[in-house]
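Taking numbering that gives the first Met the number 0, the leading residue of the sequence shown gets 0, the next gets one more, and so forth.
Watch out, some of these pointers could steer you wrong.
What the hints assert, rightly or not - Straight-line Cα separation of at most 20 angstroms, EDC-like style, residue types lysine to aspartate or glutamate; simulated pairs:
(1) LYS22 x ASP75
(2) LYS188 x ASP113
(3) LYS77 x ASP96
(4) LYS168 x ASP116
(5) LYS50 x GLU61
(6) LYS188 x GLU97
(7) LYS188 x ASP107
(8) LYS77 x ASP113
(9) LYS22 x GLU74
(10) LYS77 x GLU101
(11) LYS188 x ASP96
(12) LYS121 x ASP161
(13) LYS188 x ASP202
(14) LYS1 x ASP75
(15) LYS163 x GLU146
(16) LYS121 x ASP160
(17) LYS77 x GLU21
(18) LYS144 x GLU155
(19) LYS17 x ASP202
(20) LYS1 x GLU21
(21) LYS77 x ASP104
(22) LYS1 x GLU101
(23) LYS22 x ASP202
(24) LYS50 x ASP75
(25) LYS121 x GLU101
(26) LYS188 x GLU101
(27) LYS121 x GLU146
(28) LYS65 x ASP96
(29) LYS17 x ASP32
(30) LYS1 x ASP104
(31) LYS65 x ASP104
(32) LYS17 x GLU101
(33) LYS17 x ASP199
Said to hold, decoys possible - Just the calculated beta-carbon pair ranges, DEER-fashion:
(34) GLU155 x LEU102: 46 to 56 angstroms
(35) LYS145 x PRO26: 32 to 42 angstroms
(36) ASN169 x GLY31: 11 to 21 angstroms
(37) TYR23 x LEU62: 26 to 36 angstroms
(38) GLU97 x SER131: 43 to 53 angstroms
(39) VAL148 x LYS39: 33 to 43 angstroms
(40) ASP202 x ILE182: 28 to 38 angstroms
The hints are simulated quantities; they were obtained by calculation from the structure and are not laboratory data. Here a beta-carbon is modelled for each residue, glycine too, at the ideal position from N, C-alpha and C.
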Amino acid sequence: MKIIMLGAPGAGKGTQAKMIAEKYGVPHISTGDIFRANIKNGTQLGMEAKKYMDQGLLVPDELTVKILLDRVAGEDCKNGYVLDGFPRTIPQAQVLDEALTELGDQIDYAINVDVPDENIIKRMGGRRACLSCGATYHIEHVPPKKEGVCDVCGQELVLRDDDKPETVKNRLQVYHDQTQPLIDFYTQKNVLRTVDGTADMQDVFAAIVAILG
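With the hints as extra help, turn the sequences into a complete structure.
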């Protein structure tokens, strides 16, 4: 079962990807993790990717797909995998699609966790982080015992720049410009399934399980 997770930043697709991976016994694969692992292990592909990353450049799609295919060729992926964070653009989707077709393979489902922008802005604007120990909270859903203070180490909690409304709006705009076309791409391939990401986390997961069977 080969699954791609789609959804805007803050839609909760990463959380759902982990839950799917756990339930179905398949790896949860994020491109960031694969890059870090390849660089840490000093692989040829990792060193190539590092050249771009060290210059602050995006790793080219072909190289990203090579690293991804190398990962999904692993023994632990023989029953499938959940891709989180890739593809992000149509060219990436096309390169991945062509590479899988050459292997006589294809994506089974693209799960779109759909959450309106205003919900995401509110959701992310409520996040608070402790820069000292890394603990995270949400003023509505997971509040600290004492407002503005970390339960773990007692340091001040902050609203990270990434979670500020203006930053979130910009990230959402990039998402809509780049990633929204993927929804059309996978719809045409008849593998797109959309779930309501505004529901409770467990209800979203139940909807995904109902699709995957």
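ask   = Quick one, are LYS168 and ASP116 close enough, alpha carbons at most 20 angstroms?
value = holds (8 angstroms)
key: Cβ distance range 46 to 56 angstroms for GLU155 and LEU102, holds or violated   = The hint (46 to 56 angstroms, Cβ to Cβ) holds, given that GLU155 and LEU102 are roughly 51 angstroms apart.
query = When you check the alpha-carbon spacing of LYS17 and GLU101, does it fall within 20 angstroms?
reply = Given that 20 angstroms is the threshold and the Cα spacing comes to 28 angstroms, the pair is violated.
ask   = Do the alpha carbons of LYS188 and GLU101 lie within 20 angstroms of each other, as the hint requires?
value = OK: LYS188 and GLU101 at ~17 angstroms, within 20 angstroms.
inquiry  = Just to be careful, I want the Cα atoms of LYS17 and ASP32 compared with a cutoff of 20 angstroms; is the pair within it?
reply    = With a Cα-Cα distance of about 13 angstroms, the restraint between LYS17 and ASP32 holds, given a limit of 20 angstroms.
inquiry  = What's the verdict on LYS188 and ASP202, does the C-alpha distance respect the 20 angstroms limit or exceed it?
reply    = Violated, because 26 angstroms separates the two Cα atoms, which is more than 20 angstroms.
request  = Below or equal to 20 angstroms on CA atoms is what counts here, so check LYS188 against GLU97.
outcome  = holds (13 angstroms)
message = What's the verdict on LYS1 and ASP75, does the C-alpha distance respect the 20 angstroms limit or exceed it?
response = holds (13 angstroms)
message = A range of 11 to 21 angstroms was offered for this pair. Does it hold for the Cβ distance of ASN169 and GLY31?
response = holds (20 angstroms)
LYS77 paired with ASP104 [C-alpha distance capped at 20 angstroms] = holds (12 angstroms)
request  = Compare the distance between the alpha carbons of LYS1 and GLU101 with 20 angstroms, and conclude whether the hinted pair is satisfied.
outcome  = holds (16 angstroms)
Straight-line alpha-carbon gap LYS22 to GLU74, limit 20 angstroms = Satisfied, since the Cα-Cα distance of roughly 18 angstroms is no more than 20 angstroms.
Checked against the numbered hints above, the structure breaks hints 8, 13, 24, 25, 32 and 40 and satisfies the rest.
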